[in-house]
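Student: What follows is each chain in one-letter form.
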Amino acid sequence: MSIGKSIKRVDAFEKVTGRAKYTNDYQINNAYVARILHSTIANGIVKSIDISEAVKLEGVVKVVTCFDVPDITFPTAGHPFSLDPKHMDIADRKLLNQRVRYYGDDVAAVVAKDEITAARAVNLIKVEYEEYEPILSIEDALKEGVKPIHDDYPDNILAHSSYEIGDYENAIKEEGLIAFEGEYETPTVKHCYIESAVSYAYEEKGRTVVVTSTQIPHIVRRVVGQALGIGWGKVRVIKPYIGGGFGGKQDVLYEPLNAYLSKIVGGRCVKLNIPREENFVSTRVRTAMKFKIKSYVRPDGRFVARKIELYGNKGAYASHGHSMVAKACNAFKQIYQDEIATKGDAYTIFTNMPTSGAMRAYGIPQITFAVESHVDEIAKALKLDPIEIRKLNMMKLGFVDNGIKCYCNGLEECIEKGKKYIDWDNKIIEYKNQTGPIRKGVGMAIFSYATGVYPISLETASCRIILNQDGSVQVQMGATEIGQGADTVFAQMVSEVLDIPIENVHMVSTQDTDITPYDSGAYASRQSYVSGMAAKKAALKLKEEIIAHANFMLKLPLGNIDLERNCIVNKKTGEVLCSLEEVAMHALYNKEKSVHIRADITNQCKSNSFSLGVCFVDIEVDIPLGKIKVNKVINVHDCGKVLNPELAAAQVHGGMSMSLGFALSEHLIFDKKTGRPLNNNLLDYKLPTVMDTPHLEAQFADTYDISGPFGNKALGEPPTIPVAPAIRNAILNATGVSFNTAPFTPQRLVEKFKENNL
Amino acid sequence: MAKVVLSCTVNSEPQQIIIDDRDSLADVLRDKLHLTSVKKGCEVGECGACTVLINDEAFDSCIYLAIWAEGKEIRTVEGLMDADGEISDIQQAFIDEAAVQCGFCTCGFIMSSMPILESDEEYTRDEIRKQIAGNFCRCTGYENIANAVEKVKEDRMNNKK
Ligand code: FES
Ligand code: FES
Chain A
0 MSIGKSIKRV
10 DAFEKVTGRA
20 KYTNDYQINN
30 AYVARILHST
40 IANGIVKSID
50 ISEAVKLEGV
60 VKVVTCFDVP
70 DITFPTAGHP
80 FSLDPKHMDI
90 ADRKLLNQRV
100 RYYGDDVAAV
110 VAKDEITAAR
120 AVNLIKVEYE
130 EYEPILSIED
140 ALKEGVKPIH
150 DDYPDNILAH
160 SSYEIGDYEN
170 AIKEEGLIAF
180 EGEYETPTVK
190 HCYIESAVSY
200 AYEEKGRTVV
210 VTSTQIPHIV
220 RRVVGQALGI
230 GWGKVRVIKP
240 YIGGGFGGKQ
250 DVLYEPLNAY
260 LSKIVGGRCV
270 KLNIPREENF
280 VSTRVRTAMK
290 FKIKSYVRPD
300 GRFVARKIEL
310 YGNKGAYASH
320 GHSMVAKACN
330 AFKQIYQDEI
340 ATKGDAYTIF
350 TNMPTSGAMR
360 AYGIPQITFA
370 VESHVDEIAK
380 ALKLDPIEIR
390 KLNMMKLGFV
400 DNGIKCYCNG
410 LEECIEKGKK
420 YIDWDNKIIE
430 YKNQTGPIRK
440 GVGMAIFSYA
450 TGVYPISLET
460 ASCRIILNQD
470 GSVQVQMGAT
480 EIGQGADTVF
490 AQMVSEVLDI
500 PIENVHMVST
510 QDTDITPYDS
520 GAYASRQSYV
530 SGMAAKKAAL
540 KLKEEIIAHA
550 NFMLKLPLGN
560 IDLERNCIVN
570 KKTGEVLCSL
580 EEVAMHALYN
590 KEKSVHIRAD
600 ITNQCKSNSF
610 SLGVCFVDIE
620 VDIPLGKIKV
630 NKVINVHDCG
640 KVLNPELAAA
650 QVHGGMSMSL
660 GFALSEHLIF
670 DKKTGRPLNN
680 NLLDYKLPTV
690 MDTPHLEAQF
700 ADTYDISGPF
710 GNKALGEPPT
720 IPVAPAIRNA
730 ILNATGVSFN
740 TAPFTPQRLV
750 EKFKENNL
Chain B
0 MAKVVLSCTV
10 NSEPQQIIID
20 DRDSLADVLR
30 DKLHLTSVKK
40 GCEVGECGAC
50 TVLINDEAFD
60 SCIYLAIWAE
70 GKEIRTVEGL
80 MDADGEISDI
90 QQAFIDEAAV
100 QCGFCTCGFI
110 MSSMPILESD
120 EEYTRDEIRK
130 QIAGNFCRCT
140 GYENIANAVE
150 KVKEDRMNNK
160 K
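So the sequences go chain by chain: A and B.
For the record, in the first sequence the residue sitting at position 128 is 127 according to numbering that gives the first Met the number 0, with numbers rising by one throughout.
For the record, in the second sequence the residue sitting at position 135 is 134 according to numbering that gives the first Met the number 0, with numbers rising by one throughout.
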């Protein structure tokens, strides 16, 4: 039995010994290297490019510009392909772009014999631009008469979606309702995976091979095909170990350009390692969002009708399109239910800012920040306990929205555990009526998060298992290990179903689109749920095959034997009849009926489940210094059955740390006039170090989700949702001051405390 | 630029390597000696993924010119495994404490913690944290990394007693 045990990571040994090979660790003889020239204006067109100096440099192999690349626009989102033209991802960028749409857009590239030469050559390229006024904010993008960033979107609105449940206008007429209004804002945040985006490409037998640090190898393959205008079967994508993704690599980044650069040098190997500074702006960022919420509430705290208006800053290119913002807007009606009506309007707006795409929890950290801030404002005004008002309105068991269901609900249990750890009731009393420069506060926030992308998108996953002569198995998943521990839980699943020791399950960690079965990739916390279903189904199939052959080998009638404890046993008595190894050997080598026992299946998942959880914090605010010290923080998750408690807790720690950064320090800042990035490096961006991180407490509710393959639902992304709003609410509790814009940097805190005469 | 010969000791083996005098130590270790435990996350001394020991002190090898290593003793994670293939206590602790996720930062953290582990001084958890604060990890929230280092430090101190 492996499920529910803290099995050590199947890749840990490779990683602590430095043997695990990542994209940049493969040594290719005489590989060329490439560098990209990025625009130094945010909005305009390239009029001309002078490469004459650059090509003269010794060691430069090729220089290409936006005037040379194929006239093909392609999409980049890590979404499965849609056969319905209305739902296709927007194809709005070329390999290099003459129409420049943000400060950092790709306008030319150099292939050279070494890094230093490539970097020097990039500096020698001269670009002449025709500059337009940069459109850096949502407000500017929506102004009458501004020049559209994409001609197909004349008002700079990529999409607008809306819903109304019940009759909102009528609902708010109810007598005695109290109205609350609030505006909230979340910043542009960067994933900061420690391995930068990196790839290399070469040609082999007339086909293009791209080795890349990606979460979505099969999608990269398709998009490289689209971008180069070649058959998708002519592309092979290989994904080795990757140094983190967090959604940033759920987008096709520079793989198509890399493939093209190899092509134009005769299929020679070209490596494209994106420097950290370029990574910050020229890959993807988290969508900055603005929210307007209006709520009509009864004096007892019951929500009667609420509405939200949500604007997402898309940046320069569509990437994931409207899906993030739409998902955030939907979450508004999911975590809480209004008694009568809920209304939502969501807009995704193009600006001349870096392109925003997926980042851990896909829009939900943003909306949860807004909603949970808003709920605390209501609780405060109505003098209600923040927990009680949530309990009154939050999602109940059996709730269904857009095909996503609450199959099990451990929210109450999560709240109880968090409350206990933080000593909530006592602290609420203790922290009342504080004075002086240092004040303490407690805060909390809850969330819900859909586990996969059904029914909006196709959910398909594959698994292939092959039985070896010694009774061990190889498992090939289309799903990708990106650090989250997917390979380990897949191994546990297979070990569980076959009832063989975990050491006998060999995970093939590398995905290679030539041999790995199809899966859309690592995103949406779908791995253990959607791909887990495929692993389970394949293991069950393999078990059937093993038993079938054992029947033949032992000359026994069907139905009398089973596979248990690595052996074939008498189903009735449990008596061991032979080992699995004997069956495996016989299957392959007997002269009567040789079979190579394997299972190769695809599973389409047609369910989706809400994962739930809470965060509680206890903090100290230094008012004159504008500093926040987190004394205690706990996340409690209802992720269904916990498949591997230690790895699950570790996953929660990482998410909490990311959310601490979102609350306290992380935001990309840009020059207000030009859109030039100002802190695109790891020193100035301020992601948390170990010194900034308190003890991170992770706990779980004891639930079982009947829709999950092993009772499990999402855990990968959810930990990063609730910490920031919990801290925000603790500041409110400590000081009485509302912060509606994240992050709460010392500068912002001090300014606001002064405003409030603290 | 000029080609020069670098003589130094790497993981107890004397080396003579022809290098470009502009090469960083990280590039020489990775490209010439294939020591891929040395990772590059930023190449400007911000992330710590490339940390190695130079004469027992932890350095970001990406901003350490290879020529400065002349005559020095360099250690990387590859040197921690013994001749029989046994990994060191700190590597095992990273496995046992679930301190590894994507693994990209792991070897850098292990090397950054070596001076603490090899020192005879006592270290508090806070002092340990300070020592490894030059390394970034985006996956683990540092919780289990600090646990792993703390545990090995404690064990080693107890064994000394
Ligand atoms: S690569 Fe050396 S510190 Fe980041
Ligand atoms: S384990 Fe991924 S960065 Fe540390």
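Treat the hints as calculated values from the structure; they're not laboratory data.
Don't take every hint at face value.
[Claimed, not checked] Just some of the chain B residues that point at chain A, by a computed CB distance under 7 angstroms:
| id | residue |
| --- | --- |
| 1 | C41 |
| 2 | Y63 |
| 3 | L64 |
| 4 | G78 |
| 5 | A82 |
| 6 | D83 |
| 7 | F93 |
| 8 | V99 |
| 9 | Q100 |
| 10 | C101 |
| 11 | T105 |
| 12 | I131 |
| 13 | T139 |
| 14 | N143 |
[Claimed, not checked] When the alpha-carbon atoms are kept at most 25 angstroms apart in a straight line, the in silico DSS-like pairs for lysine-lysine are as follows:
| id | chain 1 | residue 1 | chain 2 | residue 2 |
| --- | --- | --- | --- | --- |
| 15 | A | K291 | A | K262 |
| 16 | B | K150 | A | K4 |
| 17 | A | K626 | B | K31 |
| 18 | A | K382 | A | K293 |
| 19 | A | K426 | A | K439 |
| 20 | B | K31 | A | K112 |
| 21 | B | K160 | A | K20 |
Model, not experiment: these values are computed from the prediction.
By construction, the Cβ of each residue, glycine as well, lies at the ideal position given by its N, Cα and C atoms.
Student: Broken hints, numbered, in rising order?
Tutor: 2, 3, 4, 5, 6, 15, 17 and 21
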